[in-house]
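Here is what each chain is made of, one letter per residue.
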Amino acid sequence: MTINIVDTVFDPFLEIHDFQTQLALNGKFGATSIFIGTMRDFNEGDEVHAMTLEHYEGMTQKQLEKIITTAKDKWTILEALIVHRIGCILPSEPIVLIAIWSAHRADAFEACRYIMEELKSNAPFWKRETLNSNQTRWVLKNTGSK
Amino acid sequence: MITITLRYFASLREQIGRSQETLMLADSINVLDVWQYVHQMPLPDNTLIAVNMEYVERMHYICDGDEVAFFPPVTGG
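Which chain is which? The protein sequence lines are U and V, in order. Following the working numbering, the numbering of the first sequence begins with 1 at its first residue and continues without gaps. Following the working numbering, the numbering of the second sequence begins with 1001 at its first residue and continues without gaps.
If you are wondering where the hints come from, they were derived from the structure by calculation, not from laboratory data. Beta carbons are placed, not taken as given, at the ideal position from N, Cα and C, and that holds for glycine. Among the hints, a few may not be true.
[To be verified] Each pair of labels, with its calculated beta carbon distance range:
1) U:H49 with V:T1022: 34 to 44 Å
2) V:N1052 with U:D73: 43 to 53 Å
3) V:L1025 with U:T136: 33 to 43 Å
Chain U on its own, in the form it takes in the complex (with noise of 0.2 Å):
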């Protein structure tokens, strides 16, 4: 289990790539699942041109172990990485990368998917959005299960 908060700019596909060629699994995993966040140029009806992600540090990397952990009691997962974005971050600019490693894919693509979700209602992040009129504002809430 990995988890990595950043502040600067990451290449999702780097990231998955080098830890995967760390990882002493192989032959053993016959799936591996990915979900990536990328910031939108849009929301809630307006441009947006940047966003600032803060977190509660300590909290966050709890909570996520928490969740990975939960997630290995319910499915059959050989590795996870988690990687997250802070700090100013521009659209097409990846926020979250989830992978996970398993031997079947429906334990890697539940996994993934579990985890994702419950990231984005329990891990103590917060967006603050700006405007393409440079007005900014607190994100309220997350999306349902879009």
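Let chain U serve as the given structure and place chain V on it in line with the hints.
Using the frame of chain U, we list chain V on its own:
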């Protein structure tokens, strides 16, 4: 005597005007009463509360040395 640390995040921090403060109390009280004692106003309905980085209900009683955090709904991912 009980000493706790209060922390505020995101829009709640901005409304309150500070991110952290220390509070000394004669006795253990629940986290909702902590909020009302310090801020003299009702806790906003959607506020989440954590003690020592774990979510708690509003009736959770504090202990000496606790870190009590108040924050709005989370919006990561």
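Hints, one by one, checked against the model:
1. For H49 (chain U) and T1022 (chain V), the hinted distance range of 34 to 44 Å is satisfied, since their beta carbons lie about 39 Å from each other.
2. Between N1052 (chain V) and D73 (chain U) the beta carbons are some 23 Å apart, a value that contradicts the proposed interval 43 to 53 Å.
3. Separated by about 36 Å at the C-beta atoms, L1025 (chain V) and T136 (chain U) satisfy the suggested range of 33 to 43 Å.
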